[in-house]
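Protein chains in written order, with this note's numbering: chain A, 19 to 320; chain B, 19 to 320.
Source of the hints: derived by calculation from the structure; they are not laboratory data. Do not take every clue at face value.
One copy or any two copies: either way a pair holds, since identical chains are not told apart in the list.
Listed below are the simulated DSSO-like cross-link pairs for lysine-lysine, each with C-alpha atoms no more than 30 Å apart in a straight line [claimed, not checked]:
id, residue 1, residue 2
1, K164, K297
2, K155, K297
3, K274, K226
4, K86, K164
5, K86, K226
6, K155, K86
7, K297, K274
8, K155, K48
Take a look at the letters that make up each chain.
Protein chains: 2
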Amino acid sequence: MSDSSATPPTIGVFDSGFGGLTVLRALIGKLPRARFAFLGDTARLPYGSKSRRTIARYAVESAQFLVKEQGAEFLVIACNTASALALNAIQEAVPVPVLGVIEPGATAGRAASQTGDVLVIATDATVQSHAYAAACKAQGLRALEKACPLLVPLVEEGWGDPSSVFRAGSETSAAQATSAPPQVAVTAEVIRIYLNELATDAAAEGLKPDTLVLGCTHYPLLRTLIESAVPEGMRVIDSAESAAEAAARLFNGRAKSRGTIDIDWPTEIRCFATDSVEKFERLGSRFLGRPVGTVELVDLGG
Amino acid sequence: MSDSSATPPTIGVFDSGFGGLTVLRALIGKLPRARFAFLGDTARLPYGSKSRRTIARYAVESAQFLVKEQGAEFLVIACNTASALALNAIQEAVPVPVLGVIEPGATAGRAASQTGDVLVIATDATVQSHAYAAACKAQGLRALEKACPLLVPLVEEGWGDPSSVFRAGSETSAAQATSAPPQVAVTAEVIRIYLNELATDAAAEGLKPDTLVLGCTHYPLLRTLIESAVPEGMRVIDSAESAAEAAARLFNGRAKSRGTIDIDWPTEIRCFATDSVEKFERLGSRFLGRPVGTVELVDLGG
Chain A
19 MSDSSATPPT IGVFDSGFGG LTVLRALIGK LPRARFAFLG DTARLPYGSK
69 SRRTIARYAV ESAQFLVKEQ GAEFLVIACN TASALALNAI QEAVPVPVLG
119 VIEPGATAGR AASQTGDVLV IATDATVQSH AYAAACKAQG LRALEKACPL
169 LVPLVEEGWG DPSSVFRAGS ETSAAQATSA PPQVAVTAEV IRIYLNELAT
219 DAAAEGLKPD TLVLGCTHYP LLRTLIESAV PEGMRVIDSA ESAAEAAARL
269 FNGRAKSRGT IDIDWPTEIR CFATDSVEKF ERLGSRFLGR PVGTVELVDL
319 GG
Chain B
19 MSDSSATPPT IGVFDSGFGG LTVLRALIGK LPRARFAFLG DTARLPYGSK
69 SRRTIARYAV ESAQFLVKEQ GAEFLVIACN TASALALNAI QEAVPVPVLG
119 VIEPGATAGR AASQTGDVLV IATDATVQSH AYAAACKAQG LRALEKACPL
169 LVPLVEEGWG DPSSVFRAGS ETSAAQATSA PPQVAVTAEV IRIYLNELAT
219 DAAAEGLKPD TLVLGCTHYP LLRTLIESAV PEGMRVIDSA ESAAEAAARL
269 FNGRAKSRGT IDIDWPTEIR CFATDSVEKF ERLGSRFLGR PVGTVELVDL
319 GG
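Chain A on its own, in the form it takes in the complex (with noise of 0.2 Å):
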């Protein structure tokens, strides 16, 4: 029997940025009477050209500010690099249970693949980090990576997909709206690009990859286009949607004994980031699917 006067646990999500939006939208799509609080820590993106020990140190930090001052009952780390190189680092800094992006989409690569060889695309430092590929390794896999590092500033340019190419806010007349753009003809040749340059190195080493893990939160915004680019018959992974799972089956174990499972609770989202409030509410709904509303400003130090 469900105490109705409960409120479900609030779940923490956290990003460099506000690419981890994609994650949010995946977990909301799975929990969508929950309560959620997403921090972006946009002050002091980008992770990827920092060291280890930094990167823990800002990610403990982002962590702590959403299960102390949150309330947040566990945590998803929505972002590859700071679930590559600090994961650890947060588990043993804070007293709830805390979930990465890297593992659940290493575990549904195996779901997917048939041949056991899987091909991961990233940014820079995930691929350095080799995360994916240790990932893979532990659960039978065999895993090439490769770095995309122009998959990001594509998306945030909004020339992605067809919806998203003009500029939220910029005037669109109905024939630019409709005419086919140009700038997602650019994202279309460089993921071409990129997937031949990784299909010749997969065939190099004699991996017959039949599956495509998207190792970054920015990626699922170019999910038609990659799948439009991939070989007949390849999986395309979501590593978004994989996290978003394996953190419904904790939130509803955590839900269920709590006697709040069955409750009408209406989703709810509260965003915080710690820089770059202007530029997270323009661009944060093409990531959320949904607007994201006034973003509160956080300030985290250093």
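Starting from the known structure of chain A, arrange chain B on it as the hints suggest.
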């Protein structure tokens, strides 16, 4: 009469990253017999997403390192964002002359333009500061600025020109190197899209621009592609070149008064970075047009 035991003055060159090496390259072209100390504050880049106060603090710390620890007798701020937001703060903080890149760019624009209307392409942060528009207005020019956020990542990915399209250190077959690379076609198309948008906006505002100012230290690496994309007769101004000319006048005045103007001194370059020394060494030579040698790691704190 020159004092052969004397050494030429040291010129300190500062950037948030290594893009400013294009300014150093231009300086070496004008001043082959000088000593240079270059600092890239790579641990804290990009400056573009940070507040004016934070940028000023970082830039002042960097300038003080060059003056106090490297004995620089004047400084060139080879970073458009720092020039736009922190030039005054640096000038107040160090006892040596300090040159930015924006005013020389506007001066060169005035010299080149017949119509008095110029276009400026730059990063988001530089455009948002409207520092070029203000500097151009002070010269009696009308300027239209446009942010081109994809150009920096395209240069850093090595997709800018045929000679640098394959990543340094990777094996490249002769067949690959001589075929027309699709990567360069992507960059050419991105430039065409940006410049078309800019031309449309300029026409809508009734401007008749005949000059394009490259307001980012990465863009000189795209100069050939940009020159192919602008209308017949449009002048392309590299603010790195203009800043180097202004610096050379200052340097020669100083060297003359010291009696070192005629001594035969080989070009001497020391490069420092606050993080990511490996990436600096790997990509820097593409910007400098010669090997950067060993890059020394310095800790400026914060």
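Hints versus structure:
Taking the shortest alpha-carbon separations for K164 and K297, both the intra-copy value of 28 Å and the inter-copy value of 17 Å come in at or below 30 Å. For the homomeric pair K155 and K297, the shortest alpha-carbon distance between copies (28 Å) is at most 30 Å, but the shortest distance inside one copy (38 Å) is not. Taking the closest pair of Cα atoms, K274 and K226 never come within 30 Å of each other, the shortest separation being 43 Å inside a single copy and 68 Å across copies. In this homomeric assembly, K86 and K164 never come within 30 Å of each other (Cα to Cα): the closest approach is 37 Å inside a single copy and 43 Å across copies.
Within a single copy, K86 and K226 get their C-alpha atoms no closer than 47 Å, and across copies no closer than 58 Å, so neither meets the 30 Å cut-off. Taking CA atoms no more than 30 Å apart as the test, K155 paired with K86 passes in neither setting, with 35 Å inside one copy and 51 Å between copies. In the homo-oligomer, the alpha carbons of K297 and K274 never lie at most 30 Å apart, since the shortest distance is 38 Å inside one protomer and 50 Å across protomers. In this assembly of identical chains, the alpha carbons of K155 and K48 lie at most 30 Å apart only when taken from the same copy (28 Å versus 55 Å across copies).
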